[in-house]
Amino acid sequence: MKITSFRRDEAQDFAFTPENLKKAKAFIARYPEGRQASAVISLLYIAQAQNDGWLSPAAIQHVAEVLEMAPIRVHEVATFYTMFNLKPAGKYLIQVCRTTPCWLRGAAALSRTCQDKLGVGFKEMTEDGMFSVMEVECLGACANAPMVQINDDYYEDLTPERLIEIIDALRAGEEVPVGPQGGRLCSAPEGGAKTLPKVPPGAGKGA
Amino acid sequence: MPKLTINGREIEVPDGLNVLQACELAGVEIPRFCYHERLSVAGNCRMCLVEMERAPKPVASCAMPVGEGMVIKTDSPLVKKARNGVMEFLLINHPLDCPICDQGGECDLQDQAMGYGFDRSRFQENKRAVKEKYMGPLIKTIMTRCIHCTRCVRFATEVAGVEEIGALGRGEHLEISTLEHAINSELSGNLVDVCPVGALTSRPYAFTARPWELRKTNSVDVLDAVGTNVRIDTRGREVMRVLPRLNEDVNEEWLADKSRYACDGLGRQRLDRPYVRRGGKLIEASWEEAFGAIGDRLKGLPGSKIAALAGDLCDAESMLALKELMAGLKSENLDCRQDGAKLDPSQRAGYLFNTGIAGIDQADAVLLVGTNPRWEAPLINARIRKRFLTGGLRVGSIGAPLDLSYPVADLGAGPRDLAKLAKGEGDFAKVLSGAERPMIVVGMAALARPDGAAILHLVRQVADQFKMVREGWNGFNVLHSAAARVAGLDLGFVPGPDGRDTAAILDGAAKGEIEVVFLLGADEIDMGRLGDKAFVIYQGHHGDAGAHRADVILPGAAYTEKNGTYTNTEGRVQLGRLAAFPPGEAREDWTILRALSEVVGNRLPYDNLGALRQRLIAVNPVFAALDSPATADWADFGAAGTPDTAAFGAAVENYYMTDPISRASETMAKCSAELGLGPQTKATGTDG
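Chains as they are written, first to last, in our numbering: chain A, 102 to 308; chain B, 569 to 1256.
It should be emphasised that the hints constitute simulated quantities derived from the structure, not laboratory data. Be aware that one or more of the hints could be misleading.
[Said to hold, decoys possible] Here are a few chain B residues that face chain A, going by a calculated C-beta distance under 7 Å:
#, residue
1, Gly729
2, Glu732
3, Leu736
4, Arg738
5, His749
6, Asp971
7, Ser973
8, Glu1242
[Claimed, not checked] Only pairs whose alpha carbons sit at most 30 Å apart, straight line, appear in this in silico DSSO-like list of lysine-lysine:
#, chain 1, residue 1, chain 2, residue 2
9, B, Lys1101, A, Lys188
10, B, Lys898, A, Lys188
11, B, Lys1079, B, Lys1035
12, A, Lys192, A, Lys224
13, B, Lys867, B, Lys1101
14, B, Lys695, A, Lys224
15, A, Lys224, A, Lys124
16, A, Lys123, A, Lys188
17, B, Lys873, B, Lys849
18, B, Lys699, A, Lys224
19, B, Lys873, B, Lys1079
20, B, Lys1101, B, Lys898
Computed from a predicted structure; not experimentally measured. We put the CB at the ideal spot given by N, CA and C, even for glycine.
Given these sequences and hints, build the entire structure.
What follows is the structure, given as structure tokens:
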């Protein structure tokens, strides 16, 4: 139901693909009738994925139209959340975690490495459109610090050298294993288990 | 009714208040920036912190509902320290540019910094700087001054109903933006008032005056028929700005853009001396020459060949003086309905907004007939929206499609759809019959047409059919678009038994049956229809359509330059006051008519405004009761007939240009260009 009036800009060169529109409809359907605006973050995310990793004004406008919201309201959401890129992003978006545990373990060196290796500043894109770099706050992988997130995957236990290898491999189109790069399993201790070398018997058994 | 203790004093306050309001009731002023009594609570400026017993830290009083037994302290050292801290944070990024800031002298931040500010800054880092934002020709932005109170965002969304202002970004980097568009609202000027700092200021007023050098005059606005209470700020003879004045029953504390910003039109295209047409050209003349020309032309002329039309901005006094002048000339050809509205002057209930503007708050169904309240009366539209936001209001409209700030059911375009509704057909008929307090609002687009009387009758039928007039409730409303109309009808500035109305006067003039036409500020008629034979006397303040056609021009006073009585669309009688003197030779209108009456040989019996007002009250006692809501008995009006089938048009085609003042205003010209309305399509006389 329309309860305010607002400017409607002319249609611009962005529209959901039929596939994405279906996805968007599924998100909208999760909310009660008349509350479709609740799906705004999901739709922005879909739009960002479709638009090569960033939200253009046209994409934001399209989301506003689909949700029957005032464009300014969608702009407010898109500018509030750091995970929406308002400038074109590279094919690989490297997000370097810089919060305390990662920083103590050498995140600053990772940031510097990325910038030097790629020759770009934060939130800039390399000329070939392959990479962009940004620093972010805690990504929640503190046990595997330092780490970066590249697109949807975590690359953990990094050293600057390993990060350079990963960048080279990605640029060459090779597969890079995700997760801890130091050879350990998830966040298990390096060099094998240090505690509980023997599995204790369960309660009531052998006691 | 919770009881609470504020600064050691017990006080009982109504339910549902917040602590800030309770403190106000107790006579304790709480500093605030983001809190505004007519907007939702944001609670983000933290200036209103108070100490509450059993709370671990100071609480924001604006966001804390009152509770039984609360103990509040507003003057403790803790509160002082907390507010000092908040103020210091607010000033971190606020520039120290008060000497060049237009808000200087009337700025909440400046005032409160006197009480809570620190005398120096401990902030060593760079201040944040924000780029100016474009918000259209009315609002000037200096966004570095913004303290992120979000009052503007809430005002636009809630009161104006226009979601075009938002807060982009977050934290310190939050910026208020309209995405670089002009705000498409008729209430945008109020953003300047709600902004507690100098971030949003009036663009036309920028750098022109300081508040302490202005003389303030309380008056009423006449650019629409709402009768908004305004304060006119003048410096010397110049009106610098117009601001709203609080009147809960009329405008609350808002003012529509045209009324606020058209004041620069008061200084342009003014008629500052009499003119007489000689050899086809208007020549400057003295008052004696002008009166002499009129006296010569009127000599020996029978009353039936003389006619008078009153315009939209006239005060009651001058209309009464003209009416009595015409009576002295034995003429019955006079009309104050220059748009040709078929209003029935015999029954007051038939031409008033009977529900009253404040009465809208109780309505639960509104039927709009041939009216666009957003343009004809933005503040009444805001009042309907306010009622809509409280829930349960249904609105339907018969007429041109509308873009209002609340949902409107489109019920059709013309009288045929109205007749259908009168028969009880359609879904909206069920809404109306189920409503407890239904309203019908009929606008000039429905009445200002040849079949207007029949439509008025039909509207009345609809009102009766759905029992809109019942005990304690009158839901029949006429929404006027001219400030002078109700007063004109009240004092009987209408054709006598054998007199001609507007259309007949124009026809008569074209045919030569009317030889002299007196236009009292009447500019909205089609001057071409007057023909070229009639002798036209124009009395008014602007060189607009009427003055271009005139043979004699008598320079009058604009509404800011005279003491006048105005009756708004709901029949509320209010006084406009002289804020500045008229320019040059121009005089207050009634005095001109009084002087003219002596020349034509029928001296009007009043020598001062007091005597004229006595006469006004004698003519119609309603003029005695100032600022009181009208009550009028329900009676029969209108004329039965079959209305035409043509759809209703628009009474106001360009909100920003409806009268001589706003047409002369540069600001209004910019607004109408900016908002895509273009110049008014009707010929105005100033375009060629």
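Tested hints:
1. Gly729: holds (5 Å)
2. Glu732: Holds - the Cβ of Glu732 (chain B) comes within 7 Å of chain A, reaching about 6 Å at its closest.
3. Leu736: Hint on Leu736 (chain B): holds, closest Cβ of chain A at ~4 Å, below 7 Å.
4. Arg738: holds (5 Å)
5. His749: holds (6 Å)
6. Asp971: holds (5 Å)
7. Ser973: holds (5 Å)
8. Glu1242: violated (12 Å)
9. B:Lys1101 / A:Lys188: The given pair, whose Cα atoms are some 69 Å apart, is violated under the 30 Å limit.
10. B:Lys898 / A:Lys188: violated (78 Å)
11. B:Lys1079 / B:Lys1035: violated (46 Å)
12. A:Lys192 / A:Lys224: With a Cα-Cα distance of about 13 Å, the restraint between Lys192 (chain A) and Lys224 (chain A) holds, given a limit of 30 Å.
13. B:Lys867 / B:Lys1101: holds (17 Å)
14. B:Lys695 / A:Lys224: Roughly 23 Å separates the two Cα atoms, so the pair holds.
15. A:Lys224 / A:Lys124: holds (29 Å)
16. A:Lys123 / A:Lys188: holds (26 Å)
17. B:Lys873 / B:Lys849: holds (24 Å)
18. B:Lys699 / A:Lys224: holds (21 Å)
19. B:Lys873 / B:Lys1079: Holds: Lys873 (chain B) and Lys1079 (chain B) sit about 11 Å apart, inside 30 Å.
20. B:Lys1101 / B:Lys898: Roughly 21 Å separates the two Cα atoms, so the pair holds.
When held up to the earlier numbered hints, the structure conflicts with 8, 9, 10, 11 and fits the remainder.
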